[in-house]
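Assemble chain H onto chain Y, guided by the hints.
Residues per chain, in single letters:
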Amino acid sequence: MARGGTTRRWGRFVQADTIVPKPENPQDLNRYSYTRNNPLRYTDPTGHDLKDGWDCVQGMVAQVLLNNSSLIPTAREALAAKPGESSAMTMGRSVGDAWSMLQGAIEITAGLGGEAASILVSATGVGSIVGVPAMAINGVVAAHGASVLLSAATEAGKRLGNQMAARSSKGTNPDLLGANGPRLDGSKTIWQKGQQRVDVENFAPGERPASIHLHTSNTGKWQYRPDLGQFAYDKSDVLAPSWVQKLLERRDIRNALDKARKYLGE
Amino acid sequence: MDPQTGRWCNVGGDVVLKMNKSMKEALAKAGQVKKLTGTLTVSNALKLFWPQFVEASGCVLRQREPPWPEELGPMYQYQHDRTDFEASVNEIEIGDYINRRGKHPLEDLALAMKVIQVWECKLKRQFPDYRFHILCSYQDDEDGWGANMRFYRLREEERALVDGDIENSSPLAVLVSEF
Numbered sequence: 001m002a003r004g005g006t007t008r009r010w011g012r013f014v015q016a017d018t019i020v021p022k023p024e025n026p027q028d029l030n031r032y033s034y035t036r037n038n039p040l041r042y043t044d045p046t047g048h049d050l051k052d053g054w055d056c057v058q059g060m061v062a063q064v065l066l067n068n069s070s071l072i073p074t075a076r077e078a079l080a081a082k083p084g085e086s087s088a089m090t091m092g093r094s095v096g097d098a099w100s101m102l103q104g105a106i107e108i109t110a111g112l113g114g115e116a117a118s119i120l121v122s123a124t125g126v127g128s129i130v131g132v133p134a135m136a137i138n139g140v141v142a143a144h145g146a147s148v149l150l151s152a153a154t155e156a157g158k159r160l161g162n163q164m165a166a167r168s169s170k171g172t173n174p175d176l177l178g179a180n181g182p183r184l185d186g187s188k189t190i191w192q193k194g195q196q197r198v199d200v201e202n203f204a205p206g207e208r209p210a211s212i213h214l215h216t217s218n219t220g221k222w223q224y225r226p227d228l229g230q231f232a233y234d235k236s237d238v239l240a241p242s243w244v245q246k247l248l249e250r251r252d253i254r255n256a257l258d259k260a261r262k263y264l265g266e
Numbered sequence: 001m002d003p004q005t006g007r008w009c010n011v012g013g014d015v016v017l018k019m020n021k022s023m024k025e026a027l028a029k030a031g032q033v034k035k036l037t038g039t040l041t042v043s044n045a046l047k048l049f050w051p052q053f054v055e056a057s058g059c060v061l062r063q064r065e066p067p068w069p070e071e072l073g074p075m076y077q078y079q080h081d082r083t084d085f086e087a088s089v090n091e092i093e094i095g096d097y098i099n100r101r102g103k104h105p106l107e108d109l110a111l112a113m114k115v116i117q118v119w120e121c122k123l124k125r126q127f128p129d130y131r132f133h134i135l136c137s138y139q140d141d142e143d144g145w146g147a148n149m150r151f152y153r154l155r156e157e158e159r160a161l162v163d164g165d166i167e168n169s170s171p172l173a174v175l176v177s178e179f
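First to last, the sequence lines map onto chains Y and H. First residue of the first sequence? That's 1 in our numbering, and the numbers climb one at a time after it. First residue of the second sequence? That's 1 in our numbering, and the numbers climb one at a time after it.
These are calculated hints, taken from the structure and not from any lab test. There could be a bad hint or two in this list.
Below, a list of computed lysine to any residue pairs in the SDA-like style, where the Cα atoms sit at most 25 Å apart [unchecked claim]:
1) H/103 x Y/216
2) Y/193 x H/98
3) Y/158 x H/25
4) Y/259 x H/140
5) Y/262 x Y/194
This structure is a prediction, so every number in the text was calculated from the model and none was measured.
Looking at chain Y on its own, in the form it has when it is part of the complex:
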């Protein structure tokens, strides 16, 4: 969905973006900026779906190298997809897999064709001087092609499975806090100062409500209610005492709560 365009003077959108593409990237938290203020590197034709060209290329190269390194487990591990990779990187990996499948198919065809030719040459008797080594080389080419093809197909299948699992784990209630935020399989601290910290939790976006907590000690856990702009006892509708509400006057805590809400896509 377009966002009313940018003004030439400011290079900013005139309406705030309704989506924070990657909340962990502070640049994305500025919902008025265009392409993370780097239009030479990024494009954002729809106003939402930021295409990171460089990530895409990196993902494609990493995936092609990964598919070509079946016999080097350490290299495969280093090149494998990491948690939290950008969508552009994932897209690049898909392109890399498609490229590898093509490469594998070409190598298998060339290897098997060469193998047949080598057998024919070897059958002449004298030709076996060339034909036998050529058979070995063509065999290796065909085997490499098969391993690349198999790796690419496995990787693509795994990615598709992950995407389907992620999609099916998405909830259906957009009104829940954190419905548009990232899934967190634990508690993420957004701000910390001594024993005071602000944590966010979002186990099942859109299915379970996310939560924002202020911890004041090992027994003091207060839930921030964005709908009320106040703290409540954890898992309770009862508002926290006044000394806790007073903490809202502190700028660092207010900033932390704001950051937490943005992290959750609110």
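This is chain H only, laid out in the frame that chain Y set:
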């Protein structure tokens, strides 16, 4: 003892551990920790290593002061389901129980690995018919640091907090103990 997790037993033989790559990497570093910086008071040590677990309205909860009532009243109605409620009130941050200054997240994680085993034993002993998840997440970045733990009961009728692929879905280092 498992050198990666520092575990010395598998309670009842049916503890299933799942962890993502970030957690494996963190545990490899935490395995080097030999000593805890700071002090653990007797009171906090007991809260960590010998917590009292009670059941209230079908929820298994860490005891607190004042004690939980047998039936959770209307004050606790602001909840999604019992799993959600348990997971929130049974949450601890390991660093909150240690008296010290500075940032020592790996020590917290090493200690969490010990605490998890004690909680497994206690929960299994006290509630042999129930199954549980103990969830540990670890963070060390510019926003914050430390090891966080919680547990909740597994129920047929409610979805577990963590029930999918933990490898690619979360920016945190995560370990789940299921028993």
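Each hint, compared with the structure:
1. H/103 x Y/216: With Cα atoms ~17 Å apart, residue 103 of chain H and residue 216 of chain Y stay inside 25 Å; holds.
2. Y/193 x H/98: The hint holds at about 15 Å.
3. Y/158 x H/25: Holds, because 22 Å separates the two Cα atoms, which is no more than 25 Å.
4. Y/259 x H/140: Within the cut-off at roughly 18 Å; holds.
5. Y/262 x Y/194: 23 Å, holds
Of the hints listed earlier, there is not a single one the structure fails to meet.
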